[in-house]
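Visitor: On the provided structure of chain A, position chain B as indicated by the hints.
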Amino acid sequence: MKWSKKLEASSPWILLIFTLLLWQAVCTVFSVSDFIFPSPTKIAQELMQYSAIIGAHAWRTYWVTMAGFGLAIVVGVLLGFLIGSSRLAYTAVYPLMTAFNALPKAAFVPILVVWFGIGVGPAILTAFLISFFPIMVNIATGLATLEPELEDVLRVLGAKRWDVLIKVGLPRSLPYFYGSLKVAITLAFVGTTVSEMTAANEGIGYLLISAGSSMRMGLAFAGLVVVGVMAMIMYELFSYVEKHTTAWAHQGSQNR
Amino acid sequence: MMSSKPFVEFNSVWLAYNDELLAKQQFAVEDINLEIQSGEFIAIVGPSGCGKSTFMKLTTGLRRPTRGLIKVDGEEVTGPLKISGMAFQAPSLLPWRTTLDNVLLPLEIVEPHRSQFKAKKAEYEHRAVELLKRVGLGGYERQFPWQLSGGMQQRASICRALIHEPKMLLLDEPFGALDAFTREELWCILRDLWTEQKFNVILVTHDLRESVFLADTVYVMSKSPGRFIVKRDIDLPRPRDLELTYTSGFADVVHELRGHIGALRGSQSGTPTQGTGTPTAT
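Which chain is which? The protein sequence lines are A and B, in order.
Counting from 1, one number per residue, gives the positions in the first sequence under the numbering used here.
Counting from 1, one number per residue, gives the positions in the second sequence under the numbering used here.
Excised from the complex, chain A in its bound form (with noise of 0.2 Å):
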């Protein structure tokens, strides 16, 4: 019992290490050429020597995400309370958003481009419009879907709909906002890197397409890896704020 759940817990790492053995075996086994295909080998030795450039590339790409995520919670958060909250609002709106959320945020970056120039400005709007509409959604989810009884209850006690929606309609939805949390920040670093790679001078999708042209497959690995671990990292960030603050929504039981 006790140790199948230790099992459990370190599977992923034990996948992890799988998949990295299995792809130094390929490459070793078939000779693959690391301008290629690089082994994990290749692309560790690059990450050590590269590790200050890199550092820097990921470190800006960091701000860029968190500042366009940033601006994404509230904005999302702001239209998802608006849309979730009223009737009109939500059938005026939603279409609207439906048919922008399904435009590729990719071909917005030259658009932003010559608003602001080659720089931060694009990369943090890229990951804002990319990363906004699953927060917005969960959020008028969340209150939408406020339980007629629940809400009769209330207002038989004379609460007016703000009542409501303070008393019931936010802690409700909380537990939808931190998942949409675990979503939109992964989103986030997808458009900071796409804008990166066309719009910047900086960053890892710059050093992603820099190192690509010049045939330095190990380096562009590396920028990749590095973007993949700081998602990560970010997604076990919100899953435990998630788990910590909102535990009730993960009991089951009351709501059927």
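Any given hint could be a false lead.
Which residues of chain B face chain A? A few of them, derived with a C-beta cut under 10 Å, are [as the list claims (entries may be wrong)]:
1. Leu-62
2. Pro-65
3. Leu-81
4. Ser-84
5. Ser-92
6. Trp-96
7. Leu-100
8. Glu-108
So the derived list for chain A, only partly shown, Cβ under 7 Å to chain B, looks like this [what the hints assert, rightly or not]:
9. Val-156
10. Ala-159
11. Asp-163
12. Leu-170
13. Pro-171
14. Trp-248
With a Cα cut of at most 27 Å, we get these calculated DSS-like pairs of lysine-lysine [said to hold, decoys possible]:
15. B:Lys-82 to B:Lys-198
16. A:Lys-160 to B:Lys-167
17. A:Lys-160 to B:Lys-71
18. B:Lys-118 to A:Lys-160
19. B:Lys-133 to B:Lys-120
20. B:Lys-231 to B:Lys-167
21. B:Lys-120 to B:Lys-167
22. A:Lys-167 to B:Lys-5
23. B:Lys-82 to A:Lys-167
24. A:Lys-2 to A:Lys-243
25. B:Lys-198 to B:Lys-167
26. B:Lys-82 to B:Lys-121
27. B:Lys-120 to A:Lys-160
28. B:Lys-121 to B:Lys-133
29. B:Lys-198 to B:Lys-5
30. B:Lys-198 to B:Lys-120
31. B:Lys-82 to B:Lys-120
32. B:Lys-167 to B:Lys-133
33. A:Lys-243 to A:Lys-6
34. B:Lys-118 to B:Lys-82
35. B:Lys-198 to B:Lys-231
36. B:Lys-120 to A:Lys-167
37. B:Lys-24 to A:Lys-167
38. B:Lys-198 to B:Lys-71
39. A:Lys-167 to A:Lys-6
40. A:Lys-160 to B:Lys-82
By construction, these hints were calculated from the structure, which means they are not laboratory data.
Ideal placement from N, C-alpha and C gives every residue a C-beta, glycine not left out.
Guide: Okay, now just chain B, sitting in the frame of chain A:
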């Protein structure tokens, strides 16, 4: 105890849920006439979807009647009354609040408690703890609803309906989802609370034994159209004990009511009534 002036008064009340249904002359409830004395315990029985819950919404002012007049405590009902408490079949407690905080919720909303909630918090908490003790939930104040059983959640839900000392308690099939033993236990708790505090109770239920055991007056409602067809005074002596439910006098009353509901069904299958799709929120 019985004053001459009724506490709740329905004067030929009709309700159609929207204009479309009104145009089709489909009413959720029709021609409801009713007088409830102060402190009276009434029960409404009838088949599902007969407009029992609609009746509750009308009484609390959550819905305005299409026609007719509803008066509570001598005044016409024009919006949600703040003198009532409600409990439903689903306990609908807030899972992020402890049992105690769930019970305190109405005090955070209804005046005059709302504005003094912070100042008098200790006093209110004490009141809530006492009430929880009263229904057998002493020691569970700090537990969360999902840590309680269904019956315990329902007790907490009833406490929440009573914490602001409402003049009127509305119960919509509150014991419907509980097992028979828990249900009988809660009947007794409700009986005792009512005997002590003498608030008005309107109990909507499917369970004829429940209605006869608890109520002063039982109304039988028909389905589409939702009308009161029988008013039955229950003159069984109080205080009533669970033993009473096994006596022949009790069984006779239950049987008689069952007969009315049976007749109702028979007549319906015989003569098809117009408007089968009347929406009633039960």
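Visitor: If you draw a straight line from the CA of Lys-2 (chain A) to the CA of Lys-243 (chain A), is it 27 Å or shorter?
Guide: With Cα atoms ~22 Å apart, Lys-2 (chain A) and Lys-243 (chain A) stay inside 27 Å; holds.
Visitor: Please work out if Lys-167 (chain B) and Lys-133 (chain B) have their alpha carbons no farther apart than 27 Å.
Guide: holds, 21 Å
Visitor: Measure nothing beyond the straight line between the CA atoms of Lys-82 (chain B) and Lys-198 (chain B); if it is 27 Å or shorter, mark the hint as holding.
Guide: Holds, at roughly 18 Å.
Visitor: Has the given pair, Lys-121 (chain B) with Lys-133 (chain B), been kept, meaning a C-alpha gap of at most 27 Å?
Guide: Since the Cα atoms of Lys-121 (chain B) and Lys-133 (chain B) sit roughly 18 Å apart, the hinted pair holds (cutoff 27 Å).
Visitor: Does Val-156 (chain A) pass the interface check with chain B, least Cβ-Cβ distance below 7 Å?
Guide: holds, 5 Å
Visitor: Does Lys-120 (chain B) lie within 27 Å of Lys-198 (chain B) when you go C-alpha to C-alpha?
Guide: holds, 25 Å
Visitor: Take the C-alpha atoms of Lys-231 (chain B) and Lys-167 (chain B), compute the straight-line distance between them, and say whether it is at most 27 Å.
Guide: Roughly 23 Å separates the two Cα atoms, so the pair holds.
Visitor: Mind checking the CB of Leu-170 (chain A) against every CB in chain B and telling me if the closest is under 7 Å?
Guide: violated, 10 Å
Visitor: For the pair supplied as a hint, Lys-160 (chain A) and Lys-82 (chain B), is the alpha-carbon distance within the 27 Å limit?
Guide: holds, 12 Å
Visitor: Verify the proposed pairing of Lys-243 (chain A) with Lys-6 (chain A), using a straight-line Cα cut of 27 Å.
Guide: holds, 20 Å
Visitor: With a cut-off of 27 Å on the C-alpha distance, tell me whether Lys-160 (chain A) and Lys-71 (chain B) pass.
Guide: Measuring from Cα to Cα gives roughly 23 Å; hence the hint holds.
Visitor: If you draw a straight line from the CA of Lys-82 (chain B) to the CA of Lys-167 (chain A), is it 27 Å or shorter?
Guide: Since the Cα atoms of Lys-82 (chain B) and Lys-167 (chain A) sit roughly 18 Å apart, the hinted pair holds (cutoff 27 Å).
This entry does not satisfy hints 2, 7, 12, 22, 37, 39, going by the numbered hints stated previously.
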